[in-house]
Amino acid sequence: MTALLRTEGITKDYGGVRALNGATVAVEEGTVAGLIGPNGSGKTTLFNVITGYERPDAGEVWFGDRAITRLAPDKVFAAGIGRTFQLTRIFPRLTVTENMLIAAQARDRPGNLLAWFGRDAWSQHRRRALELLEFLGIERHAGLLAGSLSYGQRKLLELAYVLVADPAVILLDEPAGGVNPTLVNLIADRIRLLNAQQGKTFLIVEHNMEFVMGLCSTVTVLESGAAVVSGPADVVRTDKRVLDAYLGADPDEEAAPDEGNAPGREEGR
Amino acid sequence: MTTKNGGSAAKGGALLLVVVIAVLFPQVFPNPAVTNYGVLTLIFVTCATAWNIFSGNTGYISLGQAVFYGSGAYAMGIAARDWHLEGTAVFALLPLSAAVGALTAVPFGLIALRVRRHTFIVITIAVFFIFQLMAFNFWFTGGSSGLDSPFLSWPAASYNTPFYYIALACAAGSVLIAWLVRRSRFGLQLRAIRDDEDRARGLGVRAMRVKLSAFAISGAVTAMIGAVWFYYINQVEPQTGFDPLFDLTLVLMAFLGGYGSVSGPVLGALIIEPLSLWMNTQPAFSGSLSEVFLGAIFLLVVLFMPRGIIPTGGELITKIRTRGRPAVVPATTTGPASAPPSAPFSSGPPVSSGGAR
Chain A
52 MTALLRTEGI
62 TKDYGGVRAL
72 NGATVAVEEG
82 TVAGLIGPNG
92 SGKTTLFNVI
102 TGYERPDAGE
112 VWFGDRAITR
122 LAPDKVFAAG
132 IGRTFQLTRI
142 FPRLTVTENM
152 LIAAQARDRP
162 GNLLAWFGRD
172 AWSQHRRRAL
182 ELLEFLGIER
192 HAGLLAGSLS
202 YGQRKLLELA
212 YVLVADPAVI
222 LLDEPAGGVN
232 PTLVNLIADR
242 IRLLNAQQGK
252 TFLIVEHNME
262 FVMGLCSTVT
272 VLESGAAVVS
282 GPADVVRTDK
292 RVLDAYLGAD
302 PDEEAAPDEG
312 NAPGREEGR
Chain B
1031 MTTKNGGSAA
1041 KGGALLLVVV
1051 IAVLFPQVFP
1061 NPAVTNYGVL
1071 TLIFVTCATA
1081 WNIFSGNTGY
1091 ISLGQAVFYG
1101 SGAYAMGIAA
1111 RDWHLEGTAV
1121 FALLPLSAAV
1131 GALTAVPFGL
1141 IALRVRRHTF
1151 IVITIAVFFI
1161 FQLMAFNFWF
1171 TGGSSGLDSP
1181 FLSWPAASYN
1191 TPFYYIALAC
1201 AAGSVLIAWL
1211 VRRSRFGLQL
1221 RAIRDDEDRA
1231 RGLGVRAMRV
1241 KLSAFAISGA
1251 VTAMIGAVWF
1261 YYINQVEPQT
1271 GFDPLFDLTL
1281 VLMAFLGGYG
1291 SVSGPVLGAL
1301 IIEPLSLWMN
1311 TQPAFSGSLS
1321 EVFLGAIFLL
1331 VVLFMPRGII
1341 PTGGELITKI
1351 RTRGRPAVVP
1361 ATTTGPASAP
1371 PSAPFSSGPP
1381 VSSGGAR
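Here the protein sequences come in this chain order: A and B.
Quick note: the first sequence uses my numbering, first residue 52, plus one each step.
Quick note: the second sequence uses my numbering, first residue 1031, plus one each step.
Treat the hints as calculated values from the structure; they're not laboratory data.
Treat the hints with care, since some could be wrong.
A few chain B residues facing chain A, derived, Cβ under 8 Å [said to hold, decoys possible]:
| no. | residue |
| --- | --- |
| 1 | R1215 |
| 2 | L1218 |
| 3 | Q1219 |
| 4 | R1221 |
| 5 | A1222 |
| 6 | D1226 |
| 7 | D1228 |
| 8 | R1229 |
| 9 | A1230 |
| 10 | R1231 |
| 11 | G1232 |
| 12 | L1233 |
| 13 | G1234 |
| 14 | V1235 |
| 15 | R1236 |
Looking from chain A toward chain B, a few residues come up when the C-beta cut is under 10 Å (computed) [said to hold, decoys possible]:
| no. | residue |
| --- | --- |
| 16 | F128 |
| 17 | R144 |
| 18 | N150 |
| 19 | A154 |
| 20 | A197 |
| 21 | E209 |
| 22 | A216 |
| 23 | V279 |
| 24 | V280 |
Treat the numbers as computed from the prediction; the structure is a model and nothing was measured.
Note that CB positions come from ideal geometry on N, CA and C, so glycine has one too.
Looking at chain A on its own, in the form it has when it is part of the complex (with noise of 0.2 Å):
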């Protein structure tokens, strides 16, 4: 079995502290993979290396059987990977349907020049756009500027956006982080949705067990930056070593909001 998306030891020192120590982590063509682990153990820092938004001090990222280690992020983009952000990244003085059409030139670059400055050829990137907007329910607001949509709906644009190019492995930093549990059930309903449909490939960084669970088939923990158990969910659910990280490392967690952009709703526990 070959991975669509693998790291190999990953390492990462930020001066003195080692964010990433030996990280490998393996996710199959068309499953939704979970990555959990404390504040801290390294799970944002590996989205920034597997996305070209940080190089690795060692290590291989593996792409199919392409190394994609040391690709600018556009390039990364370009190749099939896109991802969500933690702190939530919109492009706020744009309205929601010029973020949509952003994405979309990565996949077809205009041969032209002309192609450039004209905007006739969008037409057919708007009607894909407005259908992504209608999948994940904010199509209303397709006018209007993306700085007004509230915390909910700038997540829902944000993996709007990052679909229309139609990456084949889609990761998300937190998509359940900070919002209501109506839209929690929303954005876990979209993702398996877009698994069994067309088959794309989920890695989720998550800090809610629950959504973890009920949505991904297997599970990999990562503590202190290297990736200490992987599974299937209801192996790694019961595994000492996890109740350890999780439940041992409660306190410093809530002392230390470092890694978390709302109020943490930690729940199912």
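Place chain B on chain A using the hints.
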């Protein structure tokens, strides 16, 4: 829909009016003292628009546009001198000046565009001073006395008029480019970079290439109008070609009119340049008092109208028109009518109105 059509018709009418006034201006006011105002104002309309194509769209505030302006002027001066060109043939050098501006922008941008915000501004100022020093010290730039332009044997009474139309053509071309960029996917990428460059890169925007292209377009336009300015005032010196106040003036024009919009910098230039020229003729503003006054305007704009006349005025009009009802439909989530296919939900998520902004 009717308001939208009415709005675009009003816009089209206003544009037509501006064009007619601009074309007839030297016919109605043939006095050289008046056409001089026209020529210099149009030169600044071009420069402020060129500044806006790069800085207004990307949010990278360049204070090094004088690098292009001076380079364009010097390129024309040096080429005309060495190739012994005279009279109207010198105007054939305008594309050369534009090319020099674009070529200068490439190494300049490759260095400066690696950094953002304040560091970018500081580097553009540093590059600007390097160019001024080069103009002082190179063997081919004429040192501190600079270069004189070739002689034009046009009669003094109508000397300014051809320059007026050349500057008008440059200004119109510059505004056209700004408008095309604004509505294109290229412009969308620039504005995405302005909002969040790293996120844009993560969506496949090749940021360096896009920024550099905009910088080169801006540089080419600025260098070309710099050459027109040089031939118009007949000389260039290091302090006038590479003038530190030049960039501050452009930024003031763009901020006053409306930074980022196509019409904003045009309006800013139409206000500031005639005002500045008029103050220079008044004994009351002798010395550097006119610059103090412009600086005070800059402070007031930044403090009280940071987005400029065009966006602020536009909001005001919307407010007056929609008095009594909400101007913008509040961003609420989808109603129960729109259930996506094969989704088990009959209604969208009720997102609380107190969501993070």
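Identify whether the interface hint at D1226(B) stands, where standing means a beta carbon of chain A within less than 8 Å of its own. holds (6 Å)
Is the interface hint satisfied for Q1219(B)? The criterion is a beta-carbon contact with chain A at less than 8 Å. Since the shortest Cβ distance to chain A is 7 Å, the answer is holds.
Going by Cβ atoms only, is D1228(B) closer than 8 Å to chain A? holds (7 Å)
At a threshold of 10 Å, is the proposed contact between F128(A) and chain B supported by beta-carbon distances? For F128(A), the interface hint holds, since the closest Cβ of chain B sits about 4 Å away, which is under 10 Å.
Hint check: 10 Å Cβ-Cβ cutoff, E209(A) to chain B: Result: holds, 9 Å to nearest chain B Cβ.
Let's test the interface hint: is any C-beta of chain B closer than 10 Å to that of A216(A)? holds (6 Å)
How about A1222(B): closest beta carbon in chain A under 8 Å, or not? Holds - the Cβ of A1222(B) comes within 8 Å of chain A, reaching about 5 Å at its closest.
With 10 Å as the cut and Cβ atoms as the points, is N150(A) at the interface with chain B? holds (8 Å)
Closer than 10 Å between Cβ atoms is the bar; does R144(A) clear it against chain B? Give me holds or violated. For R144(A), the interface hint holds, since the closest Cβ of chain B sits about 5 Å away, which is under 10 Å.
Evaluation of the interface hint that places R1236(B) against chain A, nearest CB under 8 Å: holds (5 Å)
Against chain A, run the beta carbon of V1235(B) and see if the smallest gap drops under 8 Å. The hint holds - V1235(B) has a Cβ within 8 Å of chain A, the shortest such distance being about 6 Å.
Cut-off 10 Å, beta-carbon criterion: hint that A197(A) touches chain B: holds (9 Å)
Checked against the numbered hints above, the structure breaks hints 23 and 24 and satisfies the rest.
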